[in-house]
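Take these sequences, add in the hints, and give me the full structure.
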Amino acid sequence: MRDDTSPQIGSYDVDAEALTGEGEPLVGLLARLGVSESEGGDVVPNGWRVLGPPPAARVPLLIGAPVSSDHRSWSVGQVYGARDGAPARVSFYPHALPVRPSVAERRGGLVLRWPAVTRELADVDRLSIDIVNEGSTRWLPTGDTFNTFASIVPAVGGVSDLYFGWTGDGGTVPLDPGDYARVTARIESGRWRDLKPGPHDIVAYTPDLRLTSEPLRVDLTAEVIEAHRPRTNPLGAPPHPGMTTAERLRMLRALRSAREAIAEVVDAVADAPDDRAAVSRIAALLECDTDSARAVYSAQLRRFRIGGANGLDGEIADLERALSEE
Numbered sequence: 001m002r003d004d005t006s007p008q009i010g011s012y013d014v015d016a017e018a019l020t021g022e023g024e025p026l027v028g029l030l031a032r033l034g035v036s037e038s039e040g041g042d043v044v045p046n047g048w049r050v051l052g053p054p055p056a057a058r059v060p061l062l063i064g065a066p067v068s069s070d071h072r073s074w075s076v077g078q079v080y081g082a083r084d085g086a087p088a089r090v091s092f093y094p095h096a097l098p099v100r101p102s103v104a105e106r107r108g109g110l111v112l113r114w115p116a117v118t119r120e121l122a123d124v125d126r127l128s129i130d131i132v133n134e135g136s137t138r139w140l141p142t143g144d145t146f147n148t149f150a151s152i153v154p155a156v157g158g159v160s161d162l163y164f165g166w167t168g169d170g171g172t173v174p175l176d177p178g179d180y181a182r183v184t185a186r187i188e189s190g191r192w193r194d195l196k197p198g199p200h201d202i203v204a205y206t207p208d209l210r211l212t213s214e215p216l217r218v219d220l221t222a223e224v225i226e227a228h229r230p231r232t233n234p235l236g237a238p239p240h241p242g243m244t245t246a247e248r249l250r251m252l253r254a255l256r257s258a259r260e261a262i263a264e265v266v267d268a269v270a271d272a273p274d275d276r277a278a279v280s281r282i283a284a285l286l287e288c289d290t291d292s293a294r295a296v297y298s299a300q301l302r303r304f305r306i307g308g309a310n311g312l313d314g315e316i317a318d319l320e321r322a323l324s325e326e
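Taking our numbering, the leading residue of the sequence shown gets 1, the next gets one more, and so forth.
Treat the hints with care, as some may be off.
As the list claims (entries may be wrong) - Straight-line C-alpha distance at most 20 Å; calculated SDA-like pairs for lysine to any residue:
| hint | residue 1 | residue 2 |
| --- | --- | --- |
| 1 | Lys196 | Arg229 |
| 2 | Lys196 | Val153 |
| 3 | Lys196 | Ala227 |
| 4 | Lys196 | Ala222 |
| 5 | Lys196 | Ala122 |
| 6 | Lys196 | Val224 |
| 7 | Lys196 | Ile225 |
| 8 | Lys196 | Asp219 |
| 9 | Lys196 | Leu211 |
| 10 | Lys196 | Leu220 |
Said to hold, decoys possible - Ranges of calculated distance between the beta carbons of each label pair, as one might list FRET restraints:
| hint | residue 1 | residue 2 | range |
| --- | --- | --- | --- |
| 11 | Asp4 | Pro154 | 27 to 35 Å |
| 12 | Pro154 | Ala246 | 27 to 35 Å |
| 13 | Glu24 | Glu120 | 55 to 63 Å |
| 14 | Ser102 | Ser298 | 34 to 42 Å |
| 15 | Thr5 | Glu226 | 38 to 46 Å |
| 16 | Glu37 | Pro115 | 46 to 54 Å |
| 17 | Gly34 | Glu247 | 30 to 38 Å |
| 18 | Ala246 | Ala116 | 44 to 52 Å |
These are computed hints drawn from the structure, not numbers from a lab. We treat Cβ as the ideally placed atom computed from N, Cα and C, and that holds for glycine.
Structure below.
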């Protein structure tokens, strides 16, 4: 479980204790981590240490060294562990990053609240959620967004991953006590595929500030579910040129993984020194082959759009069915 009280560098939670102390020479730390490849520019030679995240996390290991005497500005790098027999490697950010307050501090008194109109209408096509300042002081933006996602699950026994949706405008605004910002949430079309009629709960989540709403209860009819199910290409549609069914399936699974970890993918490629490094980072992050990583890197943003006519989940299901019938 992520610790809301940990300070952050970039979007990573870091160990507060790791921010203190002298650290060690970079060459020693890289040798200890088994790193044999390095990407990036000129960095300080001393004061390096592992900042996080926990070893079990699926994101790269963050290492850093202070570049200011007050330890508020850091040179950082991401260590990508060995996969498929490849050596571990490190990629350094081109500029120093500041230490940020914890998510709990930046969140302040903000909460997510379903407005009365949304609760009364319970219209899955017009979901609004309010980000309300219930604190006693003015809330000011500090680089976070109001991007809010929605998930829909059966009211009994459902499990939510909190990433089945999107909002159009992630901008933030200052909020005085009692003020609110209203955003619109939509549910991913692929999530409708396996739903059955009956009561369901919709939960909203704002990742940057880790805000989670109370469940919104809705009753879904068979007609509503059918109207929202994704429409996919028929099985007889022409295959992707030069690509086998299994290869395309691997590519689509990588695209789906990228959609579910889009923030981490963007972080991984934002400062890559070249295309080769960007593809390599994606392959390491998503644990996919190079061709699939290249497809993710080359994909248009609309490929990750929620609710597209040819949803990834639907395409994947069709290809899995086709392979099982071969």
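Each hint tested on the structure:
1. Lys196 x Arg229: 11 Å, holds
2. Lys196 x Val153: 10 Å, holds
3. Lys196 x Ala227: 13 Å, holds
4. Lys196 x Ala222: Since the Cα atoms of lysine 196 and alanine 222 sit roughly 7 Å apart, the hinted pair holds (cutoff 20 Å).
5. Lys196 x Ala122: 17 Å, holds
6. Lys196 x Val224: Holds - the C-alpha atoms of valine 224 and lysine 196 are around 10 Å apart, at most 20 Å.
7. Lys196 x Ile225: Roughly 7 Å separates the two Cα atoms, so the pair holds.
8. Lys196 x Asp219: Distance of about 10 Å is within 20 Å: holds.
9. Lys196 x Leu211: The hint is violated at about 28 Å.
10. Lys196 x Leu220: Satisfied, since the Cα-Cα distance of roughly 8 Å is no more than 20 Å.
11. Asp4 x Pro154: 27 to 35 Å: At 28 Å between Cβs, range holds.
12. Pro154 x Ala246: 27 to 35 Å: 32 Å, holds
13. Glu24 x Glu120: 55 to 63 Å: 60 Å, holds
14. Ser102 x Ser298: 34 to 42 Å: 36 Å, holds
15. Thr5 x Glu226: 38 to 46 Å: Hint holds: Cβ distance 45 Å, inside 38 to 46 Å.
16. Glu37 x Pro115: 46 to 54 Å: 51 Å, holds
17. Gly34 x Glu247: 30 to 38 Å: 31 Å, holds
18. Ala246 x Ala116: 44 to 52 Å: 51 Å, holds
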